[in-house]
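A.B. asks: Below are the chains, spelled out letter by letter.
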Amino acid sequence: MYVLEIENLTKEFSKNGRKFKAVDDVSFTIDAGECCGLVGESGSGKSTIAKMVARLLPPTSGTIKLLGEEITYLQGKRLRQAYQKMAMVFQMPKDSFNPRRKLGSSIQEVMTNAGIHRADAKKRTLELLDLVELKREYADRFPHQISGGECQRAALARALAGNPQLLICDEATSALDVSVQAQIVALLKRLQQELGLSYLMICHDLALVKNLCDTVVVIQGGQLVETGTADAVIGNPKQAYTKLLLESVFPVDPTETWVLPEYPR
Amino acid sequence: MTPILSIQQLDVSYCGTRILNDVTLALHTGKILGVVGESGSGKSTLLQAVIGLLGDHGRIDHGKLEFDGIDLIRIKKKDMRRLRGKRLGMVFQHPGASMNPIRKIGVQFLEALHAHGDFDKKEVRTRILNMLSELRLTDGERILNSYPFELSGGMNQRVAIALAMVLHPELLLADEPTSALDVTVQAQVVRQLMDLRDHFGTAMMMVTHNMGVISYMVDQIAVMYAGRVVEYGNKLDVMKHPQHPYTKALIAAIPQLHGRKMVGIPGQPPVFGEPYAGCPFAARCTSARAACRQELKLVPNDYGNGHWTLCPYGCD
Numbered sequence: 001m002y003v004l005e006i007e008n009l010t011k012e013f014s015k016n017g018r019k020f021k022a023v024d025d026v027s028f029t030i031d032a033g034e035c036c037g038l039v040g041e042s043g044s045g046k047s048t049i050a051k052m053v054a055r056l057l058p059p060t061s062g063t064i065k066l067l068g069e070e071i072t073y074l075q076g077k078r079l080r081q082a083y084q085k086m087a088m089v090f091q092m093p094k095d096s097f098n099p100r101r102k103l104g105s106s107i108q109e110v111m112t113n114a115g116i117h118r119a120d121a122k123k124r125t126l127e128l129l130d131l132v133e134l135k136r137e138y139a140d141r142f143p144h145q146i147s148g149g150e151c152q153r154a155a156l157a158r159a160l161a162g163n164p165q166l167l168i169c170d171e172a173t174s175a176l177d178v179s180v181q182a183q184i185v186a187l188l189k190r191l192q193q194e195l196g197l198s199y200l201m202i203c204h205d206l207a208l209v210k211n212l213c214d215t216v217v218v219i220q221g222g223q224l225v226e227t228g229t230a231d232a233v234i235g236n237p238k239q240a241y242t243k244l245l246l247e248s249v250f251p252v253d254p255t256e257t258w259v260l261p262e263y264p265r
Numbered sequence: 001m002t003p004i005l006s007i008q009q010l011d012v013s014y015c016g017t018r019i020l021n022d023v024t025l026a027l028h029t030g031k032i033l034g035v036v037g038e039s040g041s042g043k044s045t046l047l048q049a050v051i052g053l054l055g056d057h058g059r060i061d062h063g064k065l066e067f068d069g070i071d072l073i074r075i076k077k078k079d080m081r082r083l084r085g086k087r088l089g090m091v092f093q094h095p096g097a098s099m100n101p102i103r104k105i106g107v108q109f110l111e112a113l114h115a116h117g118d119f120d121k122k123e124v125r126t127r128i129l130n131m132l133s134e135l136r137l138t139d140g141e142r143i144l145n146s147y148p149f150e151l152s153g154g155m156n157q158r159v160a161i162a163l164a165m166v167l168h169p170e171l172l173l174a175d176e177p178t179s180a181l182d183v184t185v186q187a188q189v190v191r192q193l194m195d196l197r198d199h200f201g202t203a204m205m206m207v208t209h210n211m212g213v214i215s216y217m218v219d220q221i222a223v224m225y226a227g228r229v230v231e232y233g234n235k236l237d238v239m240k241h242p243q244h245p246y247t248k249a250l251i252a253a254i255p256q257l258h259g260r261k262m263v264g265i266p267g268q269p270p271v272f273g274e275p276y277a278g279c280p281f282a283a284r285c286t287s288a289r290a291a292c293r294q295e296l297k298l299v300p301n302d303y304g305n306g307h308w309t310l311c312p313y314g315c316d
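Residue numbers (the working numbering), protein chains in the order written: chain A, 1 to 265; chain B, 1 to 316.
One should not assume that every hint holds.
[To be verified] Once the Cα atoms are required to be at most 20 Å apart in a straight line, the calculated SDA-like pairs of lysine to any residue come out as:
| hint | chain 1 | residue 1 | chain 2 | residue 2 |
| --- | --- | --- | --- | --- |
| 1 | A | K15 | B | F149 |
| 2 | A | K15 | B | S146 |
| 3 | B | K248 | A | A186 |
| 4 | B | K240 | A | P251 |
| 5 | A | K135 | B | E274 |
| 6 | B | K261 | A | R190 |
| 7 | B | K248 | A | T255 |
| 8 | A | K135 | B | K248 |
| 9 | A | K243 | B | L257 |
| 10 | B | K261 | A | K15 |
| 11 | B | K248 | B | S287 |
| 12 | B | K240 | A | T255 |
| 13 | A | K243 | B | Q188 |
| 14 | A | K94 | B | S146 |
| 15 | A | K189 | A | E127 |
| 16 | A | K243 | B | G259 |
| 17 | A | K189 | B | G264 |
No wet-lab data here; the hints were simulated from the structure.
The structure presented is a predicted model; accordingly, all values stated were derived computationally and were not measured.
Kindly produce the complete structure, drawing on both the sequences and the hints.
C.D. replies: In structure tokens, the structure reads:
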């Protein structure tokens, strides 16, 4: 059974009477324990897909199945139950926490909302902090008192509070510098192995996708252009658009030559 | 040749906590200096000190800061305002936040230009539109008639870059100018910045954690750690033969498209204001010796060709 199954997902926005397809008939699946990278230019519809999967935006048509259950139109209690199985991590860790609440209380809230007793939730919060390699004292800190990388760890702890099967990460490491990013990537990999988590990673850093993801879905103008294993798509891209994305990445080795690719106007 | 920007033994503190320690750097006309390092290493503070935006709590405790012979520490506020925008350009990290949310982009462009003298409105408009189209914003007219919140983060960042470049400053300070952009736009923005340098000899100081951008566009690299420049040199020397263990670890942490896997640096940098003995990186350094955690004099260790580090031992 797939953890996530997306079929013919379409999102249409209308502006000034004109209709515009942000996501156009996209279908793909994510297996258990698999990390899937969603790549494409800004405005290609990556975040719109993630928002529809996270049920933050209603799709125009198509279906989304989470662990075999269709969640496309769930409401109320059943939607809240679905939220136990998936969670989201955002780009700006500090903006995703309530600045006037201690981190522990923010993490705990996820569990008390799901009907878990307060004392148990408190205990579990500390275990979650251990899991993401944060000191237990951090439960009593406010978001502004810790660094961006630490805050992203806390956001991961909060996302893991409901024991989800799927984590949706929207540019979760883009705001972090390389060494902190490498730490978070190592943590994500460890969690993937230990908890059997699946990821939907939105990421515009193709090198990072290559390092972290098992499969890649390339989106252009709302349409799926190429999909396959990360090694195949990045090592041997078939579509012109994927090649263009890869050619745009600057080589880290300063002795390698790089030429600005021709972008279609 | 005298450098356009010269920073000597600069110490900066916020509310009494020392943030920058003994920073010495020089930047020549037409050169691009890349400043890299972890968040909280003082990179942004360094840029803010140069452009005089440390705010009420920031203080320059010691050192010299000169732009084209002008003392930037003792400069009058009025004179600084004349420099800023015209001769000193700045691109901030969060593009949306650096613009006025309730004024249209076009109005903000004109406002910036009018602050530095009178311009022919029509001519300026074509110049702005050309600049925007070179940054791949083809719908320039619509953008000038939009508010910042109506544009995406990437569009706002390109507008901010155009705004900083439109007066052809002699020195451009950029704080993570391409981090919010996806790879295709990033590639073009980087090209555009380099064209600006080639045409007008603009010197640039780029703070970024994108090592690909660094290794493509800069001439010199300054690696910062815990408020100090720990390694400085020409790009090839620093990237190919890093001598400070931190630089080496930083390069190993870069994700790459082909080849080796990325390796993180365990541990955390020292907390500002808390004293440490010896080298600030010693606690996380894999080749630290006992002496590194005791009294260690942090003096530059020269490797020739302008390449130096604060580590007395080196990696080779």
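A.B. asks: Tell me the numbers of any earlier hints that the structure contravenes, in ascending order.
C.D. replies: 8, 10 and 14
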